[in-house]
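S.K.: Since the structure of chain Y is provided, determine the placement of chain L on it from the hints.
In case you want the letters, here they are:
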Amino acid sequence: DGGITQSPKYLFRKEGQNVTLSCEQNLNHDAMYWYRQDPGQGLRLIYYSQIVNDFQKGDIAEGYSVSREKKESFPLTVTSAQKNPTAFYLCASSIGDRRMTDTQYFGPGTRLTVL
Amino acid sequence: AQSVTQPDIHITVSEGASLELRCNYSYGATPYLFWYVQSPGQGLQLLLKYFSGDTLVQGIKGFEAEFKRSQSSFNLRKPSVHWSDAAEYFCAVGSPGAGSYQLTFGKGTKLSVIP
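Protein chains in written order, with our numbering: chain Y, -16 to 98; chain L, -15 to 99.
Looking at chain Y on its own, in the form it has when it is part of the complex:
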């Protein structure tokens, strides 16, 4: 089955530690995205990548970093510089044909809790 996988489903981190969230897709999509979701806030874009070895900051990139070394993988690192990292993180992908009809499909999410 084609789809997007995120691991782990739940992640706990101590303050001051960096942590990396995994996102893998086998849809052969060029574009991938990371969103943060907080209760009552909708989804906010952290980073996105249109092609391998290229990525752009979204609305709330501070305290986060990404890499895109392979087409199917787009890991997100939450660094110790992120002041309030506890949230639900969603990865998405799309064909990435740069038209407004480009549709994003989402993974199941990772819930990060800072202890």
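Hints listed in this document are in silico derivations from the structure and should not be mistaken for laboratory results. What you were told as hints is all true, and nothing was included just to trick you.
Result set (EDC-like, lysine to aspartate or glutamate): computed pairs, CA atoms no more than 16 Å apart in a straight line:
id, chain 1, residue 1, chain 2, residue 2
1, Y, K66, Y, E(-2)
2, L, K45, L, D69
3, L, K33, Y, D85
4, L, K91, Y, D21
5, Y, K54, Y, D37
6, L, K45, L, E(-1)
7, L, K94, Y, D21
8, Y, K53, Y, D13
9, L, K45, L, E4
Computed Cβ-Cβ distance ranges for the label pairs, DEER-style:
id, chain 1, residue 1, chain 2, residue 2, range
10, Y, V35, L, S2, 40 to 48 Å
11, L, L30, Y, Q24, 14 to 22 Å
12, L, R61, Y, S5, 32 to 40 Å
13, Y, N11, L, S68, 28 to 36 Å
14, L, K94, Y, K(-3), 30 to 38 Å
15, L, S2, Y, T62, 44 to 52 Å
16, Y, K(-8), L, H66, 25 to 33 Å
17, Y, S56, L, T14, 28 to 36 Å
18, L, R61, Y, G23, 18 to 26 Å
Glycine is no exception: its CB is placed at the ideal position from the N, C-alpha and C atoms.
M.R.: Relative to chain Y, chain L alone:
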């Protein structure tokens, strides 16, 4: 800048009753509109999308939405709600970003269904 407003934070309906979830957008050009659904602790699933043409769009799970340009609205409807429809619903507008097209989300409407 584009924006999406979902005026209702929480709606409760009885099973078998009809449903309408409101979505208003602000966008300077022709909008590209989406509705997603999220079950607790899960990712987002695409319900339907509007790009052009017929303003009444059919989606999965018996949902439909109507685009009304004069009212800047894209309301989601279902004639008869099932208990399994209890979830959070997000409206989104596609908008241009740096070399790509991105989604701007509303803050969501949580739907509760009474047996």
